[in-house]
Structures are given as structure tokens and as C-alpha cells.
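S.K.: Given the structure of chain A, go ahead and fit chain B onto it with the hints provided.
Now for the letters of each chain:
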Amino acid sequence: MERNILHVDCNAFYASVEQQRRPELRGRPVAVCGREEDRHGIVLTASYPAKRLGVRTGMAVWQARQYCPELVVLPPDMGEYQRISRLARDIYEEYTDRVEPFGLDEAWLDVTGSVGLFGSPMEIARQISDRVRFELGLTVSIGVSDNKVTAKLGSDYKKPDAITRIERDNYVQVVYPLPVESLLYVGPATARKLRAIGMSTIGRLAQCPVEVLTGRLGKIGGVLHAFANGRDTSPVRRTDHAAGVKSVSNSATTPRDLVCDEDVHLMLLLLSESVSARMRELGCRCTVVEVGVRDAQLRSFTRQQKLTAPSCSSEELARTAFSLFRESYRWQCPVRSVGVRGAGLVPMDQCVQLSLYPEDQRREKWERIDAAVDRLRSRYGYHCVRRAAVTADPLLGRINPKDDHTVHPLGYFRG
Amino acid sequence: MDREKRYVPVVVRFERDGRLRPLVIELDEARRYPVDRVLDVRRAACGSVGGVGERYTCLVNGQECDLWLEKGRWFVALKI
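These protein sequence lines map, in sequence, to chains A and B. Reminder that position 57 of the first sequence reads as 56 in numbering that gives the first Met the number 0, one-by-one numbering, no gaps. Reminder that position 55 of the second sequence reads as 54 in numbering that gives the first Met the number 0, one-by-one numbering, no gaps.
Honestly, the hints are just simulated from the structure, not real lab data.
Quick list of the computed label-pair ranges, beta carbon to beta carbon:
{"no.": "1", "chain 1": "A", "residue 1": "E79", "chain 2": "B", "residue 2": "T56", "range": "19 to 27 Å"}
{"no.": "2", "chain 1": "A", "residue 1": "A371", "chain 2": "B", "residue 2": "R15", "range": "34 to 42 Å"}
{"no.": "3", "chain 1": "A", "residue 1": "D348", "chain 2": "B", "residue 2": "E63", "range": "53 to 61 Å"}
{"no.": "4", "chain 1": "A", "residue 1": "D256", "chain 2": "B", "residue 2": "V37", "range": "56 to 64 Å"}
{"no.": "5", "chain 1": "A", "residue 1": "P333", "chain 2": "B", "residue 2": "E28", "range": "54 to 62 Å"}
{"no.": "6", "chain 1": "A", "residue 1": "R230", "chain 2": "B", "residue 2": "P8", "range": "53 to 61 Å"}
{"no.": "7", "chain 1": "A", "residue 1": "T252", "chain 2": "B", "residue 2": "R5", "range": "38 to 46 Å"}
{"no.": "8", "chain 1": "B", "residue 1": "E63", "chain 2": "A", "residue 2": "G112", "range": "36 to 44 Å"}
{"no.": "9", "chain 1": "B", "residue 1": "V37", "chain 2": "A", "residue 2": "L394", "range": "48 to 56 Å"}
{"no.": "10", "chain 1": "B", "residue 1": "T56", "chain 2": "A", "residue 2": "L52", "range": "34 to 42 Å"}
Not close to chain A: a few residues of chain B, all C-beta gaps over 10 Å, as computed:
{"no.": "11", "residue": "R5"}
{"no.": "12", "residue": "R12"}
{"no.": "13", "residue": "P21"}
{"no.": "14", "residue": "D27"}
{"no.": "15", "residue": "D35"}
{"no.": "16", "residue": "L38"}
{"no.": "17", "residue": "G61"}
{"no.": "18", "residue": "D65"}
{"no.": "19", "residue": "K78"}
Treat the numbers as computed from the prediction; the structure is a model and nothing was measured. Ideal placement from N, C-alpha and C gives every residue a C-beta, glycine not left out.
Looking at chain A on its own, in the form it has when it is part of the complex (with noise of 0.2 Å):
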């Protein structure tokens, strides 16, 4: 059956709703960046102005300020942020319950089911954009299309607050001519063996035999074929659709390098207070924890380790992963980066082996420790209540790595 999905994109996010909410930023170059002295000093999103004048997303903010020397830096508020993207996201579920989320500032809707009660699709994705100008002051670019894929290029294909609709009739006009860049799951190292074989446009990937491109580049080359020809079948999720998750982590980039044993240690308490507390949020528990470590020269390792029996409890994710941490790293140079990952989920309402140990009873006990501290955190903030290890040192302590900002993205082919 024919279907009909919208890709909506909200324009340059960040950076509209500073502007949304301090209008004598409105027209100016803005750039919503990390903060340099935690080293996460990359520009998030910039405005419409800032990006004429040449300033990316992920460029460092001083090369960004060489662009634009009256260039405004802000911090980011993610509290904000993920307030107008829910707002956003209720404004969508009005139209279909069927909304996949990319990110805070894209979705897919999949709408064939209410074209009956709300009129053809470019009129829901008039009324859409209508709606989240005049309810959220922002600006949105929207794809319309029969598949994921070629909507995401339609919002993609004019910028910003533009419908554009692609379907058979017009698809090899519209799509055809565009830069192979621009589809999905097309990065930089897929381009250059693309480009390597004269596939520089969507269209001549489309045309090129699928047996070259799965020579060329596997399994995926068959899936670019799909693609670029419009043809993609995967659903758009509804928005309770939380299968499919395989792991849970978080990592961070330090404020400063990590110098020893007791630093890697505070930060694995954090991190691993934080993908337990989102592991309770999935309802499961992790037997596997790996570590991940990158140093100052920016090499990286990681190493995982099975646990006795399934797991959500923070002080035995951080207990092994400073254990693993212990065992393969030597202290050549300092640490930039740790991250915990929580894999091998299983749901918490399995079934659990029963242990005569002591050290297993443990484990309930720490398990309902942190459930409580949960529900300190959700009613008093996430500050209330801290291990006394991390106000050790307050640079690293006040990071709160659940919720500063750290989107999850799912990837596209989950599941």
C-alpha cells in the first residue's frame, strides 16, 4: 500500500529557539556551542546569518569567530530545548500517534491513516508548519514523500520553513541531480569510495547496477541502491516503541584530563549513576558492562566483562568497569574521555537465579539504593542527593552526565 510520511525538520533548533526567546538576537549570527572551558567547545547549531557567513555545526568555536568575528556564542539549554521539542512533538502526535523522533529537532510522521480526517498530506504539513510557527515561533522544513528516506530528502531539499514533495512523478527530476552527500547513510568515507567510482549524484548511484555497489562497498551498497531509487520499507516507529534498544552508555569528554586512578574512578561512579538510572527507565538490567577509554593522544580501547548475573545497580557497573579500567590501561599519558555501556539487556521482569552468596543479596540492596536516589532526583533535582566521592573534586562532581546535554540518537537501522 502506498504510504505517506512526513520528515519534519526544525530550523537550525538551537540556535531559533535563543532567537524564539531573546528577539534582539532575531537576524543576527548566533551559534549555540559547547562550553570552551569543559572542552566541549564546537559549535552546536548555528542561525541561518551565522551559516551565510560560513559557521558548520562541529567546527571548534574559535574557527568559527575567524568566520564571523561578531559571531554570538551561547550556551546551550537543553532543558529548553527538550521542552519545545516535546511541544513540538505533541503538535505532530495530533495529526498521527505514529511519530519516529530523529534527534530533538527531526521526526518522521507516517500519516497515511489520517489523510481521511485532516486533508492531503501537503495540507497536514501546511497545517504542521502553521502550527509550530504561530504555537513555538519556530520555523520547520518538511518532506513529504511515500518512504523515510526520500521525505528526509525533500526536508533536506530546501531550507528553511519549505514543503517540499517528492513522489514518482517528480523523483527523478527533484532527486536525481543531488549530491550522493545527500542521502542518508551517506558520510564522508561512503562518499569518497562513491565519488572513486563516478558515483557523485543519487542518480547514478540509482543507475548503477547493484551488484557493483555491493562489490564495491557489501551489504550496504545494496541498501544505498534501495535508497537512492526511493524504495525504503522501514516503519516509522510509534512513539512508545522502546524495543529494539541493545545497550545503554554514556560517556563524557572531561573538563579537564584525567590524571589518575581516583579521577577515572569519580567518573565512572557518574557515568555508570547514569546509565543505571536509564536502564531502570527501560525496565531491564545489563549482563555485560564495557569501558571505554580515550586518551589525550586520542587513542582509544574498550573492554567488556560479563557479569555474574544481570545487573542495574551503579555500584556494581562502576565497581567493574574500574576493574576493567584497572587492568588494561597503564597511565602512558593522561585520559580525555571515559564512557560506561550497560549491553546485553534483558527485560526486569525476567526471571533472576537466586544466589546463596552474600555478595548476590548485595546487589538487591544497591539495586534499591539507587532506585530511591532516583526518586530524590526526579522530585529535588538531580544535585539533592551525591555520592561523597565526587564533591572530591568539584571541576568533575557538578557534570551530570544524564542530563547535561547528551541526546541519544538511535540509529537507523535499529532493531
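M.R.: Relative to the frame of chain A, chain B by itself:
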């Protein structure tokens, strides 16, 4: 005309169904304005001074004025 975002104290009645009904807007000690009627409530972005929340269009002294509830605080776009 220049406007300023002014957070203001508001006397509010909680209705049985959970709706809020602003009764008095207190710009300052001397200027307390009773709200005669609420004409419209909807989510809206405030273009002039910035902000996103519930917009209460109120009738005050025979004049329409917009009162906004954003993240638990009330504000008006005051002419200056």
C-alpha cells in the same frame, strides 16, 4: 513600539476541572487590574518579547490584553 517582558504576580483561581482562571493582574502596588473575562486560551509563541507557553487573551477594563503562562510564571509584554 518597544515592549518589555515583565513577569507579574497574578491572582489565579483553580477550577474544579483543573483549568486556571486569572482574576487579577498586579503590575505593581498601584496598578492592580481585575480580569473581566478570559476570551481565549491557547498555546502560542510570544513574538514581541519572546517566550512559549499558554496565552490567555483577557478582557481588562474593556481592552483585550495577552497574559502568558510560561514554565509556571506569568508574564505580559509591557509597552515602554
